[in-house]
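Colleague: Residue strings, one per chain:
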Amino acid sequence: MGKESLQSAIIKFAPLDKLLDLGRANSLWPMTFGLACCAIEMMATGASRFDLARFGAEVFRPSPRQCDVMIVAGTISKKMAPAVQTLYDQMPEPKWVIAMGNCAISGGPFVFEGQYGIVEGADKLFPVDVFIPGCPPRPEALIEGILELEEKVTGHRRWPRVEAV
Amino acid sequence: MNDLARSPNQETFVLNLGPQHPATHGVLRVKLTMDGEYIVDAEPVLGYVHRMHEKMGENRTWVQFMPNTARLDYLGALSYNHGYVKVVEQAMGLEVPERAEYLRVITVELNRIASHLLWFGAFVLDLGGFTPLLYAFDDREHILDLLESVTGSRLTFCYYRFGGLCNDVDDDFLTGTRAFIKRLRKRLPDYHNLVTKNIILINRLKDVGVLSAEMCRKYGATGPVLRGSGVDYDVRKNEPYSVYPELDFEVPVYSEGDSMARYMVRMDEIDQCLRIVEQALDKLPEGPVMAEKVPKILKPAAGDYYGAVEAARGTFGIRIVSDGTNIPYRMKLRSPTFSNLSLYGEASRGLLLPDALALMGSLDLVIPEIDR
Amino acid sequence: MLSELKSEFASLAPLAVIETDYKVKGYHLDVEVGPDRVVDAAELLDRLGFFLEAITGVDWLGKNPVGNQPDPVSVNEQDPEAAEAEGEAGSDAPADKMEVVYDYNRTDGVLCRVVVRCRLDRAKPELPTVSRLIPGADWHERETHDFFGIIFTGHHDLSPLLLPEDADFHPLRKDFKA
Amino acid sequence: MSGYFKELFGGTKSLFVGLGITFKYMIKPVVTVQYPHETLVMPPRFRGHIELVGDEETGAPKCVVCGMCQKACPTNCITLTGEKPEGGKKKVLTGYILNFTTCSLCGLCVESCKFDAITFSRDYNLAGPRKDAYIFDLKKRLEEKSG
Amino acid sequence: MTLTEPWRVLAFLVGIIAFVALNAAYLVWLERKVAGHIQGRIGPKEVGPFGLLQPLADGIKLMSKQLLVPKGVDPLLFKVAPLLVLVPAVMSFVTIPFGENLVARNIDIGLLMIFAFASVNVMGLLLGGWGSNNKYAVISAARAVSQNVAYEIPMLITVVTMIMLTSTMNLNEMVIQQGGGILNWHFFANPLMPFAFLIFFVCALAETNRAPFDLGEAESELIAGFHTEYSGMGFGVFFMGEYANIIIGCSLAVILFLGGWQSPFEFLSDQGLWGVFWFLAKVYFLIFCVMWIRWTYPRTTLWGLLNLSWKILIPISLLILLLTGAMIKVWPLITGAS
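Line by line, the protein sequences are chains A, B, C, D and E.
Just so we're aligned, residue 1 is where the first sequence starts under our numbering, counting upward by one.
Just so we're aligned, residue 1 is where the second sequence starts under our numbering, counting upward by one.
Just so we're aligned, residue 1 is where the third sequence starts under our numbering, counting upward by one.
Just so we're aligned, residue 1 is where the fourth sequence starts under our numbering, counting upward by one.
Just so we're aligned, residue 1 is where the fifth sequence starts under our numbering, counting upward by one.
Source of the hints: derived by calculation from the structure; they are not laboratory data.
Between beta-carbon pairs, the in silico distance windows are: (1) Phe50/E / Thr39/D: 19 to 25 Å; (2) Asp282/B / Asp137/D: 47 to 53 Å; (3) Phe9/D / Leu3/E: 50 to 56 Å; (4) Ala281/E / Asp190/B: 28 to 34 Å; (5) Phe23/D / Phe169/C: 55 to 61 Å; (6) Lys177/C / Lys90/D: 38 to 44 Å; (7) Ser3/C / Glu246/B: 27 to 33 Å; (8) Ser2/D / Glu165/C: 52 to 58 Å; (9) Met1/C / Asn167/B: 40 to 46 Å.
Built from N, CA and C at the ideal position, the CB exists for glycine as well.
Please model the entire structure based on the sequences and the hints provided.
Modeller: Here it is, written out as structure tokens:
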């Protein structure tokens, strides 16, 4: 459903597209969709110390119809996979996915020989745009992930890169 | 409460408080059969974040299971580390030095305050107030900084070892903790004035989701849920372990059994935890943090052992069955919210939808701990 | 408290009643009963004001249950020794057991944890449900059924609790292959 | 009837007290650390992904390929390859691959290493568009760092 | 600058729609800034200076979003509902006097027209909730209707009291009567007026599903209330409608009680464009209070909400109506006679 990319307009309005991308990049509304421990770090990022609101991303919409980015924060179990797939399909285009934490990237610490319960990585269900490793990653890593997504949407990065000291 | 024994052909509809819902704080699904806005029957459906902890307990060595215990209830992870370490030390008969026990109590109680603060914010968020969550998170960040400077991680700690701790504590942790205690004691009256005394909140919580002591006993509910219904049961007092007997603190008990009582129990527990941390800081002895002769490869004697610890949400019990090798034979994790939630079906019958969510919020659920 | 309990349990013809050392084992009394006596034990403890803490399933494939023989002086210990001897010899010897352990505890300040153990034949693990008496056991039993396939007769709904709805495998059995 | 009025006035009083508190916090300074512009300093014991420690003088990794960390890791994220040069008797490290995406940052590997060859790095803000960027080759990273 | 007829209508039309659109955008910005600072954080900052371009970015994103019409949805109701919320709000700006002679149509029954449109707004919520084939939306629609009906009555009783006091329904006329300094405002006309103002303000809050009464759009219970199924601009129009209704509610409160475009100081009352400044200053102060209340209180219970209206607000507003009526009739007799 919706595999063809949206931008294949016949007449390419470069400045208009750039404006649309800029608008979309600066108001990414995430979905309140916390699975496990990383959800608490996602809430901490929305809280007052790290404050996602500065990037216009603090409107955590509960309904998938009104969000742009799905932050998969936690372990996707096999029982939860169809629900996550439905949520992804319910989101209107253009939509993005951030895989936050090792569990969403590759099953994290719950991968062992003969495991029966979890999907090893969100990219087995739908295309993922930004990966944030860590168990759980610090709130700054999630903000870095959102800046990474904005760089992917607009094509250039407006914020300084921070070297871990 | 109200007469729901309507004629059988009253058309009820099934509402899915789906796996993704802001009020479930995780992936719990509750199948609600509703008659208008009243709940006829509620059936929680679990397993959406089942992470096979007990299966993993059977294919890794005793010390390698440590990170798993922290990922059960990541809000009060240190109590789970403490429970696991305590039951293995009990089985091996290991002696833990005094300083390590005191540091364990200090870090567990700080973690309990952080867990109660997050519950306080999330609970008032369920009731519609957004701001207290941000104030609670602000305080919680201070605790996470303290614990991160000692253990290295913010949420999923792996700090305790069998026989002690993996490294000692430096001085600015101690001064930082005292400063934090002063700061939180100044802010708690604000929380009470903003939320506890608020007439809207009182109307929302008074006589909502009343749990009798008998129903709690029948379902095996423990922790603040049980203490909210008038039963004075706290593992730290009933089965004294670690250095809790040397520290004096009360266990808050309210007998009304409604959501307001459970709310007040947890808010008073924050004060008690502050008292415990303060006393433990004063009595902190010098000395090593790790027992001397801890065997490299741990092999507890064959047999099964049970250990219980007071986690933030209730009694966390671990039943380990060892067959003498260094791989555990069976690891049963008794999580408190599993039993606390099992009474939800019966307790929420006849409630309105917002009251049923207030009841669920007052049970303080962490879903990965229920699904294990 | 313990003496009163032991006398009460005497009427249930338990297979083994052992007083264990709380400091090491974590519980005070370890009672092993047959599958048919489980409901009576639950009813007795419920009457005395205990609450059910947990139900644990253990799969003893190819091993003999080590549960309740901490100190060799326990009261009647015939069958485990016998099982020990020929357990090693036969491959899937009849000794294979599936064990269900009930933990009971008190909340009124008297520190007394009682463990009720019941051993079932691994091929057809079946025992009556206690969820009619103690509603809290409902989910514990469904979960034990999920992981071990132990059938609790009389349970109103033994569908998978933690595993996906259509799960027909029992992951915590020792011979489970993913 | 008196309960009705008492509750009414007590209630409205609590409402205005609540407004006062939020106003007090509105005037208080903001606690935000504006991440890309201002950053927090990580405590010394912060647990980022593990990294090899280079010898002071030669800069070569201290690791002697004993494999203790590989055995200690609960989720076997570390794969070690080393081979013994013909003359010398000590093994030399040729590859140290860390699959950080399955690591749970428990610290058992750092503890099990007797030669202090690995420590926790201080990378707290990793994020990127590619998944395999987080299967680190620690030997190459050490060489780049000591450069 | 008196414009001739067709140009005057065009100018006011453009003015009102620009006022509503700009306000809807920048009230969202103001709300997020106020919420931020109450909670000790900053709010939108990186998008343009002080985050001023944030509403622009939100607008562009919402407009360029895919407009999903889910299967099983009643197509007509689903599409009409957001308009039913926005259009009445915009149209009731026609009779609101922004300045001395700055009013689109100075109709004699301006107040009645505004309340006629206010009731259409409820239809929007109901049809939106019912049309989107979503159980949560149906529950929230039922709640929103019962809440609006419950709070329409005390609001109208208070308005009847004010009409009795000023013996006119023409909004501009009402404001002129409150001329000459702060003491002539109706707020200070007689000791009951502060209570009437409080009741009117609480009803305005409940009417627009805001603050402690947001049971219609209860985020933490009913996912997103009646606009659960709306994506992109459908949700955007609902948002604009909500903020337009808030402005209407606050400006009515200002006109009825706080002296519309009259300046609070005696000597400063030589009008001109100053009237607009005073009017907007008062309206924005009330809007700030609405936001301040929203970020302080939890949500009330449904029966608590209805009890508040039927058992507390209606009796008191009836009492005020009677007492004001008595004061108007009896007071001049006493003072006049003696």
